[in-house]
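Turn these sequences into a full structure, and let the hints guide you.
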Amino acid sequence: ISWGRFGKIALKMFPVFSWLFSYQFREWFLRDVHAGLSVGMFQIPQVLLGLWLTRLPLPNINGFLAAFSCSMTYVIFGTSRHISIGSFSILNVVATNVLSTLNFSTTLSFHGSQDNFSDPTFMKDYMKVLTLSASITLLTGILQLLLACSCLGFVTTYMPKTLVDAYLAAAALHVIVSQFTFIFDIMIVSHKGPMSIFYNLFHFLVALPKANATGILLFLLGMAALQASKSIRINYKRSPVAFPMELVLIITVTIISNLIHFHAESSSAVVSMIPERFLPPTPPVLSNLREIILHAFPLAIVSYFLLVFVGERCASRHNYDIASNQDLIAVGLCNICSSFFKSFVVSCTISGTVIQEKTGGKTQLAAAIGASVMLGIALTLGRFFQTIPNCILAAIVVFNVLPFLEKFLDVPILWKRDKYHFVIWLVTFAGVLCLGLDVGLVIAMAFTFFIITVRSHRMKMVVLGQIPNTNIYRSLSAYRAAKEIEGIKIFQCCSSISFANMNCFKNYLLHKMDMKTVPLDESEMRAFISLSLSDTTVERKCSCDCDPPQPPPRIPYTEKLVKRRHAGSSSSSSSLNLVRWSKCGDNLSSRTLLVGAAQYLSYGLRTEKNEGEERRACPSPGSAIDNSSVRFEQPVPLPCPVHTIILDFSMVQFVDAIGSELLRQIIHMFHNIGITVLIAACHSSVIADFEKSDFFDSRVTKERFFLSLHDAVLAALDKHQNPDELEPAGQEFAEDLQAEQQQVGYFA
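The sequence shown: position 68 = 68 (this note's numbering), numbered continuously.
Hints in this document: simulated from the structure, not taken from any laboratory. Given the structure is predicted, the values throughout are model-derived calculations rather than measurements. Yeah, the Cβ is synthetic: ideal placement off N, Cα and C, and Gly gets one too. Where hints are given, some of them may not hold.
Within a straight-line C-alpha distance of at most 30 Å, the following computed DSSO-like cross-link-like pairs (lysine-lysine) qualify [as the list claims (entries may be wrong)]:
#	residue 1	residue 2
1	Lys-358	Lys-230
2	Lys-512	Lys-419
3	Lys-460	Lys-512
4	Lys-506	Lys-460
5	Lys-512	Lys-702
6	Lys-563	Lys-460
7	Lys-702	Lys-483
8	Lys-563	Lys-506
9	Lys-719	Lys-506
10	Lys-358	Lys-407
Just the calculated beta-carbon pair ranges, DEER-fashion [claimed, not checked]:
#	residue 1	residue 2	range
11	Val-454	Ala-224	46 to 52 Å
12	Val-423	Thr-214	44 to 50 Å
13	Val-439	Val-518	49 to 55 Å
So, in structure tokens, the structure goes:
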């Protein structure tokens, strides 16, 4: 393997080198330090808050080591430059519900104490709960790695920005409602399942009279301080940097809360009951593997897509790209590392990411600095942060997720621009809000794929005309200067042709040509089969056993074209067959209807009186007909007949087997009424698809294909500028059909 290829593989597997080797020390270092200090100080109480929210007896040192290892793992393997890894409140609640679903109750309460850890029964349940939580986290990481091996990351390519915005807006509302526990100091039994956010909101409103007024006041003061910080401007080398109000607020409240006792809930109520000792890794529990997989899979999906959605938002704001599949590997490794410390499922922390972004972070060096600061301070001064009121941390979380709700302002604009994306936004937001982050995501993805499929297979065709004295062709409905060429109809197909839209393609052509199709009768079908069998017999040179078996005869088409019936028109003009003839002595009176857009060619005209005389002179169907007495008059063109249809396939990306068979039948049907169908600007890959689907035959040849639309128009005009050069398609078909019907004993 060459060194160049080895370097590309190394950069792909370890994205840290992509920004480390190009790091601009003078421009970025102080920004990353500034962002790292802010994120690191925020992560300390965030870890404690996660313990409080889940009520799981995880020692502090395990939580901080898990947060540090996950952050450093993403620094090495992640591709986003602004993502902050940590516990996510919604995932913590889901993990707690999983344990309760599996009949494992949390072992900590407000009235517990460390004396319970001397009880053997308590310790047995204690280790069982932690081991099961670690098993769920480990299995979540393994599932994410397996999904990465199957390249699930490509799915994000088909997720539009509207879906990401709607998902993050709904997730922000879930986060805000989950913070009500800390804002009001009210502990409720979290509802799980559909409409859970509304049930929880209702329970909070019912318990609102029991809320802690001090906690609400501190929350409002924290929100006011954070809002006021937006007016403070800091410029670093002519670039604005957000004032680190989160850092200042956490340090200030930590000092005050250690000097003055706030009558507000803090994490010390739970943390003080957990022994300060490190729990080493233990083997995962596999006895409940079937139940664990059912809960670990949605955790894996939500953890990944939340990270990717926030990462794509940051990447679009700072003009760089992320590799979604590599991020899936990174978050899977983060969860595996978290399971070693018996911690919870991790993902992108929305608040930490927003803080790292707005405080000027340029690379993941800010996350590495933040993780180091968090671990160093937590191991030495962590006990001082236990007294921070939870409502202050809730204020920081709510303030930093509010920008995701600003997309509500773009919804009316989205309705005016693109109604399809508006519907995607609405379905995604409603699904995630009402059904949760996991089920709502599945519904949003399925609906988005449905919309993409419908839009990609929706048939759109336009009639083109020529800009006079140019080789430019534009839509007749959109350009007044475009003029229709006499005798030629040009249709531009703006989508691929498949089984899903082939009927729309056919109906559009027939509608614009003022025609309809009727099935062939039994005699015509038998004539077609006889013709096909005779052609096959002629083509075979020998009949030895070495020849492969011949395929069954292929009928060119099963329908024929007739003039569309209009209100008030005579029945004779809309019920005529494709070919009709009669014998009256030595004179033949016949008529074949060749229909254009609104015109048709006549093979001899006759009056109703002559028709009656001929009908009396015609022999019975069982009598023989003298072939020498049957003759066809040459077609006499009426004014402005349509002699050529040109299909512009410049926008067609593919034609499947069913679509190509329909197109071949359409070409045959129009050919046999004297209208030539040409195809222009067809891509070579589409022609290759035609060859694979056995599209070409003796009549449908590659001579009908032209490199450009103008070439097809010139060829059609050159061929039909003289009426004598018109294809005697109807005459040939009538003669062949007549001969075959004489053989089988049928007459049209």
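To see whether the hints hold, each was checked on the structure:
1. Lys-358 to Lys-230: holds, 11 Å
2. Lys-512 to Lys-419: holds, 28 Å
3. Lys-460 to Lys-512: holds, 13 Å
4. Lys-506 to Lys-460: Given that 30 Å is the threshold and the Cα spacing comes to 12 Å, the pair holds.
5. Lys-512 to Lys-702: holds, 25 Å
6. Lys-563 to Lys-460: holds, 24 Å
7. Lys-702 to Lys-483: Between Lys-702 and Lys-483 the Cα gap is close to 28 Å, so the pair holds against 30 Å.
8. Lys-563 to Lys-506: holds, 15 Å
9. Lys-719 to Lys-506: holds, 26 Å
10. Lys-358 to Lys-407: holds, 18 Å
11. Val-454 to Ala-224: 46 to 52 Å: holds, 48 Å
12. Val-423 to Thr-214: 44 to 50 Å: The hinted range 44 to 50 Å holds for Val-423 and Thr-214, with Cβ atoms some 45 Å apart.
13. Val-439 to Val-518: 49 to 55 Å: With Cβ atoms ~50 Å apart, the hint holds.
Violation of the numbered hints given earlier is absent; every hint is satisfied by the structure.
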